[in-house]
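**Student:** Here are the chains, one letter per residue:
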Amino acid sequence: MSVRIRFFARFRELADPEIVTEVREGTSITALIYAVTENNQAARDAIFDQEGGFRRYVILMQNGARIETTRAGETMVADGDEIAIFPPVAGG
Amino acid sequence: MSVRIRFFARFRELADPEIVTEVREGTSITALIYAVTENNQAARDAIFDQEGGFRRYVILMQNGARIETTRAGETMVADGDEIAIFPPVAGG
Amino acid sequence: MISIQREDVDISRLVQEAKHPGAGAILVFDGIVRNDDITEMELEAYEGVALRELEHIAMEASAQHGLLSVDIVHRIGRLRVGENILVIVVSAAHRKEAYDGSRFILEAIKEKVPIWKKELRTGGDRWVAGESKNH
Amino acid sequence: MISIQREDVDISRLVQEAKHPGAGAILVFDGIVRNDDITEMELEAYEGVALRELEHIAMEASAQHGLLSVDIVHRIGRLRVGENILVIVVSAAHRKEAYDGSRFILEAIKEKVPIWKKELRTGGDRWVAGESKNH
Numbered sequence: 022m023s024v025r026i027r028f029f030a031r032f033r034e035l036a037d038p039e040i041v042t043e044v045r046e047g048t049s050i051t052a053l054i055y056a057v058t059e060n061n062q063a064a065r066d067a068i069f070d071q072e073g074g075f076r077r078y079v080i081l082m083q084n085g086a087r088i089e090t091t092r093a094g095e096t097m098v099a100d101g102d103e104i105a106i107f108p109p110v111a112g113g
Numbered sequence: 022m023s024v025r026i027r028f029f030a031r032f033r034e035l036a037d038p039e040i041v042t043e044v045r046e047g048t049s050i051t052a053l054i055y056a057v058t059e060n061n062q063a064a065r066d067a068i069f070d071q072e073g074g075f076r077r078y079v080i081l082m083q084n085g086a087r088i089e090t091t092r093a094g095e096t097m098v099a100d101g102d103e104i105a106i107f108p109p110v111a112g113g
Numbered sequence: 187m188i189s190i191q192r193e194d195v196d197i198s199r200l201v202q203e204a205k206h207p208g209a210g211a212i213l214v215f216d217g218i219v220r221n222d223d224i225t226e227m228e229l230e231a232y233e234g235v236a237l238r239e240l241e242h243i244a245m246e247a248s249a250q251h252g253l254l255s256v257d258i259v260h261r262i263g264r265l266r267v268g269e270n271i272l273v274i275v276v277s278a279a280h281r282k283e284a285y286d287g288s289r290f291i292l293e294a295i296k297e298k299v300p301i302w303k304k305e306l307r308t309g310g311d312r313w314v315a316g317e318s319k320n321h
Numbered sequence: 187m188i189s190i191q192r193e194d195v196d197i198s199r200l201v202q203e204a205k206h207p208g209a210g211a212i213l214v215f216d217g218i219v220r221n222d223d224i225t226e227m228e229l230e231a232y233e234g235v236a237l238r239e240l241e242h243i244a245m246e247a248s249a250q251h252g253l254l255s256v257d258i259v260h261r262i263g264r265l266r267v268g269e270n271i272l273v274i275v276v277s278a279a280h281r282k283e284a285y286d287g288s289r290f291i292l293e294a295i296k297e298k299v300p301i302w303k304k305e306l307r308t309g310g311d312r313w314v315a316g317e318s319k320n321h
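Protein chains in written order, with the numbering used here: chain A, 22 to 113; chain B, 22 to 113; chain C, 187 to 321; chain D, 187 to 321.
Only chain A is shown next, with the shape it has when bound in the complex:
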């Protein structure tokens, strides 16, 4: 199945604006993002800490709905999902 990952702001500069990738059934959001930053140490270091957990400032969305990073490991992606990952917002 296919999912789209969108990076914004500083993460976009380190990775890509978006990546469309094929994943297996039962892939969690955490596993997905970990996988797509496999060959990008700068992006991975910006997003994950040394234990492989999300850094405190990371914000995740699944189809526009906020997903707590602490829940991302148990939240599975579905075909056609749009996963977004970004630092704290600074509009206004």
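To be clear, the hints were calculated from the coordinates, so they are not data collected in a lab. All figures in this text were calculated on a predicted structure; none of them were measured in a lab. Just so you know, even glycine gets a beta-carbon here, dropped at the ideal spot from N, CA and C. Please note: incorrect hints may appear among the correct ones.
[Said to hold, decoys possible] Okay, the calculated bits of chain D under chain C, using three or more residues with CB under 8 Å as the criterion:
id, region
1, 200 to 210
2, 215 to 225
3, 279 to 289
Assemble the complex: chain A is given as a structure, and chains B, C and D must be docked to it using the hints.
**Tutor:** Only chains B, C and D this time, still in chain A's reference frame:
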């Protein structure tokens, strides 16, 4: 000596926009306003209560400076003074 | 620009002129004639004193809230529903100063500046009750 | 009008359109690019989600603060010093609702809407630190 009395808002409608009058040395603001409303019962009733004191809502100025109505009986007018009398302000 | 005038105000021009170096926030308050079953509103001012009070309020607000610019235009005369009565434009480095400074100016105007409003109605005219504290 | 756009905003037109029957107070917040030794500012949005959030905030503000109208225009792309970033126009019957509603919208935008700003400087670019609460 000559003084100018200016009425605003509801008081202006009951009296005149302004009255220039001659007064004797030693005339208080209270006495001045009492005198100029001598023949205007509507204005006098709007400004003074039955005991001859200023009504609670009356605001007085002498040359643009606020004079408390409780002090107006002991505040003398001087030649060329502009005395203003008006109800609570409602700008904005 | 601090003014008591009959003419309308060009809000865009005031906003443009409020873009001082260092400004990050501009706040515009526009008080308009509300449609409370009135035909028109008539405004009257003790002009010299009112203008002096507005200038004093602008200075006080700038000092207390760190405003970079203050414009106040209060209109007098007859105004129709929807017309601008009072326009306050402030600029500041940050939003908090702009909101607080603008509100400070508005409350001070309502309390201190000798201006009065009369609602003209088909059923009879009515002076708007003041909000000033009569000490 | 709720919009995320590259084009500038016509503030006068928004003020004119905010003159709803019953409105007595219109408040305009205009956030502009501040001259913090920057050359330009670059703004980026997660557009679909940001627009939906702005619409949600406008509805919430209207319900909580009794606003008669809400317009929010947030610009993206490259902006020079002094250019409009965010314009919020609200109208209400009375001033308190207008100030409170406008401030509510601004704080909610800063906290929740996925938009980011980068300051472009001669000495190197810098992402503006967010104010969002990361629960």
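**Student:** Which numbered hints are broken by the structure, listed smallest first?
**Tutor:** none
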